[in-house]
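Visitor: With these hints in hand, go ahead and build the complete structure from the sequences.
Residues in the sequence shown are numbered from 1 upward in steps of one, following the UniProt record's numbering.
Please note: incorrect hints may appear among the correct ones.
Using C-beta positions, here's what the derived DEER-type ranges look like [claimed, not checked]:
1. P85 to P51: 11 to 21 Å
2. E83 to T109: 19 to 29 Å
3. A133 to V112: 47 to 57 Å
4. D110 to A133: 54 to 64 Å
5. D55 to A120: 17 to 27 Å
It is worth saying that the hints were derived from the structure and are not from the lab.
For glycine and all other residues, C-beta sits at the position ideal for the given N, C-alpha and C.
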Amino acid sequence: MATTSFDPFRDLDRWLTGGMVRTPASVGMPLDLYREGESFVARIDLPGVDPATIDVDVEDRTLTVRAERPATDAKDVQWLAHERPTGTFARQLTLGHGLALDRISAQYTDGVLTLTIPVAEEAKPRKIEVTHAPAHHPVIEADKA
Numbered sequence: 001m002a003t004t005s006f007d008p009f010r011d012l013d014r015w016l017t018g019g020m021v022r023t024p025a026s027v028g029m030p031l032d033l034y035r036e037g038e039s040f041v042a043r044i045d046l047p048g049v050d051p052a053t054i055d056v057d058v059e060d061r062t063l064t065v066r067a068e069r070p071a072t073d074a075k076d077v078q079w080l081a082h083e084r085p086t087g088t089f090a091r092q093l094t095l096g097h098g099l100a101l102d103r104i105s106a107q108y109t110d111g112v113l114t115l116t117i118p119v120a121e122e123a124k125p126r127k128i129e130v131t132h133a134p135a136h137h138p139v140i141e142a143d144k145a
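Guide: Written out as structure tokens, the structure reads:
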């Protein structure tokens, strides 16, 4: 009988390696991802974003973050440098199995959106107690004839 390894966080590793390509979304929404205890934490930089424009949703196993950074309203501007992206940004992350999608929380503080993604209870490692049962050996008695 072969054993297989179950890793509920395998997709999160793929998330890190495949999701870190520098795209317009990642330039506008750079993120850090780490595990802290029994949760994964994603911190996304969103300076200058109105918190009312931030939208976070999960459908199936895809987490989508959308936010908008408005362009400057100044008229007759002659740009000397224009490096801060503006407009609507979206970033999608594929979440692995073994995460509590119904308990994801989001907090926006000082221009940083922090998503906390807890590990599901059924995916947490647990000890299985091994009990000792006495051996049941049949007793053979001689026939006294």
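Visitor: Next step is simple, just say for each hint if it's right about the structure.
Guide: Against the structure, the hints:
1. At roughly 18 Å, the beta-carbon separation of P85 and P51 lies within the given 11 to 21 Å, and the hint holds.
2. Checking the proposed 19 to 29 Å range against E83 and T109 shows it holds: the Cβ atoms sit about 24 Å from each other.
3. Checked against the hint of 47 to 57 Å, the C-beta distance between A133 and V112 comes to roughly 55 Å, which is consistent with it.
4. Taking 54 to 64 Å as the suggested C-beta distance range, the pair D110 and A133 conforms, at roughly 59 Å.
5. Between D55 and A120 the CB atoms are about 24 Å apart, so this pair conforms to the stated range of 17 to 27 Å.
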